[in-house]
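Trainee: Each chain, written out:
Protein chains: 2
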Amino acid sequence: MTYSIVQSEIRNRLLRGLLPSEFERLQPHLNRISLEPGIVVEKPDRPIATVYFPEPGVISVVARTLGGTQAEAGIVGPEGMTGLAILHGLDRSPNTSLVQMACRAIAIDARVFRGLIEERRPLHDHLLRYAQVFAVQLAQASLCNGRFTIEQRLARWLLMCHDRADREDLPLTHELLSLMLGVRRAGVTTALRSMEALGAVKTRRGGINLRDRDALERAAGEAYGVPEAEYERVLG
Amino acid sequence: MTYSIVQSEIRNRLLRGLLPSEFERLQPHLNRISLEPGIVVEKPDRPIATVYFPEPGVISVVARTLGGTQAEAGIVGPEGMTGLAILHGLDRSPNTSLVQMACRAIAIDARVFRGLIEERRPLHDHLLRYAQVFAVQLAQASLCNGRFTIEQRLARWLLMCHDRADREDLPLTHELLSLMLGVRRAGVTTALRSMEALGAVKTRRGGINLRDRDALERAAGEAYGVPEAEYERVLG
DNA sequence: ACATCAAAGTACGATATCGTACGGTTGACG
DNA sequence: CGTCAACCGTACGATATCGTACTTTGATGT
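First to last, the protein sequences are chains A and B.
If you read the first sequence in full-length UniProt numbering, its first letter stands for residue 1, the second for the next number, and so on.
If you read the second sequence in full-length UniProt numbering, its first letter stands for residue 1, the second for the next number, and so on.
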């Protein structure tokens, strides 16, 4: 049994913000599915099968060199979508996308989606605005990696997760965070303890509880805010 | 006196690779101009006035935080264009773009350009492919900043400049490179001396001469190559 | 209750990079 | 042809982060 998807009930901002006349075209092709942590939704240089519009939860976009070195480049949540390559007329990218925090997501077959954006210009235009915001996020991540401490970058990451997951309790291990940030696992532990001393977070085994968002923003300092402002400007 | 611009003579790959039928629409609006080092072609959060398709030369895209910390996020040369925000339906971005190495460029008024891409779908589609390549470049820059040494990142940067400037002698001061990479000026000096010892480059006051590209690629290691491969795949 | 194991805390020497600063060199310009 | 500012080489202590590895803790299954 499938339930039809009602635009006003969708918890993905990008879809909810679509013109109803455009959403109508998408609607028959949409399915709501569950994405569990660890699921790889896009593999490097393999055709993208499905495009996802996440509801609260987090999907990471991970960049990798030819030698296999990897780190997270950007994150996607209910403000956005996966499969940006398709908006650019391509069916794949060199990046990996994987589910970081469980979410439900509105899914659509990539080929169907591609056909629809070719056909419906206003749909394409709306989603391309998000591609711009995501590019700004990538540029800021680059800057953060080059200029800020692990603690600042970690605070930034937690804030971005909080924005997208819509809850205070994030089920993330230090190991996982270290892979995302491209630093040592021990470095994450230390940074978290330091933020715990500030009262910004409370850690438990296998998870992090956000206690004081303001303190977290102070810990992130300059590292947080530009892509968020751009999102509001462009799609808010 | 203005000369009309002939597609086959353009040294910008993106424009030269356009379908002639699409180029024809752009042609009446194009002007070839000179861009001198230091010229700022896009200011953060200010409307983009002109879109440039550079001929050999280099334009940097610089990301900045609210606090003013900045570093280069990406570079554009004769393989690409400035003003990607316009392809995404927007008239500005939070980034700065500035001329790094003098070039001639094909210029078009941003509003005219915006009108043309709205009107000519194949034109828009062609250029959007470049937006994807640029996003890959941003993601890789993020990875490089997080994981690689100054020497590797510098080697990467010089290789990317070489690809775009089409000459071996790059008029760049250590000071400038340090601003771009977001590191100390002294760090650049040291890294350059180390690469000079490898025979990869020869430095002179105010410039760097690339002597052995293979050695430079070895110095860059994993840091170089992914966006370049993506460009060839998508637009080659 | 106990065993087991992944996760987290801690430690320590090594390395990359920083901030700062001083002095030497060189090319541009008067 | 001399001057000078910009550019480059170098140095040194401080700091961030690394690689590695050992220990402790807590959740889970039996």
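It should be emphasised that the hints constitute simulated quantities derived from the structure, not laboratory data.
Hints are not guaranteed to be accurate.
[Said to hold, decoys possible] Simulated restraints, written as ranges between beta carbons of each label pair:
hint, chain 1, residue 1, chain 2, residue 2, range
1, A, E232, B, V112, 25 to 31 Å
2, B, I39, A, D214, 50 to 56 Å
3, B, D169, A, R211, 33 to 39 Å
4, A, G199, B, R184, 39 to 45 Å
5, A, P37, B, G38, 46 to 52 Å
6, A, V40, B, G206, 46 to 52 Å
7, B, G68, A, G207, 34 to 40 Å
8, B, P47, A, L19, 42 to 48 Å
Please read these numbers as outputs of a predicted model, since none were measured by experiment.
Don't be surprised by glycine CBs; every beta carbon is placed ideally from N, CA and C.
Trainee: If a hint holds in the structure, say so; if it doesn't, say that too.
Mentor: Each hint tested on the structure:
1. Separated by about 29 Å at the C-beta atoms, E232/A and V112/B satisfy the suggested range of 25 to 31 Å.
2. Look at I39/B against D214/A: about 41 Å separates their beta carbons, and that is not inside 50 to 56 Å.
3. Here the CB-CB span from D169/B to R211/A is close to 56 Å, at odds with the stated 33 to 39 Å.
4. Evaluation of the 39 to 45 Å hint for G199/A and R184/B yields a failure: the beta carbon distance comes to about 34 Å.
5. Remark: the range hint 46 to 52 Å for P37/A to G38/B is upheld by a beta-carbon distance near 48 Å.
6. Checked against the given bound of 46 to 52 Å, the beta carbons of V40/A and G206/B, roughly 48 Å apart, stay inside it.
7. The hinted range of 34 to 40 Å is satisfied by G68/B and G207/A, whose Cβ atoms lie roughly 35 Å apart.
8. A C-beta distance of roughly 25 Å is found between P47/B and L19/A, which places it outside the suggested range of 42 to 48 Å.
Violated hints for the displayed structure, listed by number in ascending order: 2, 3, 4, 8.
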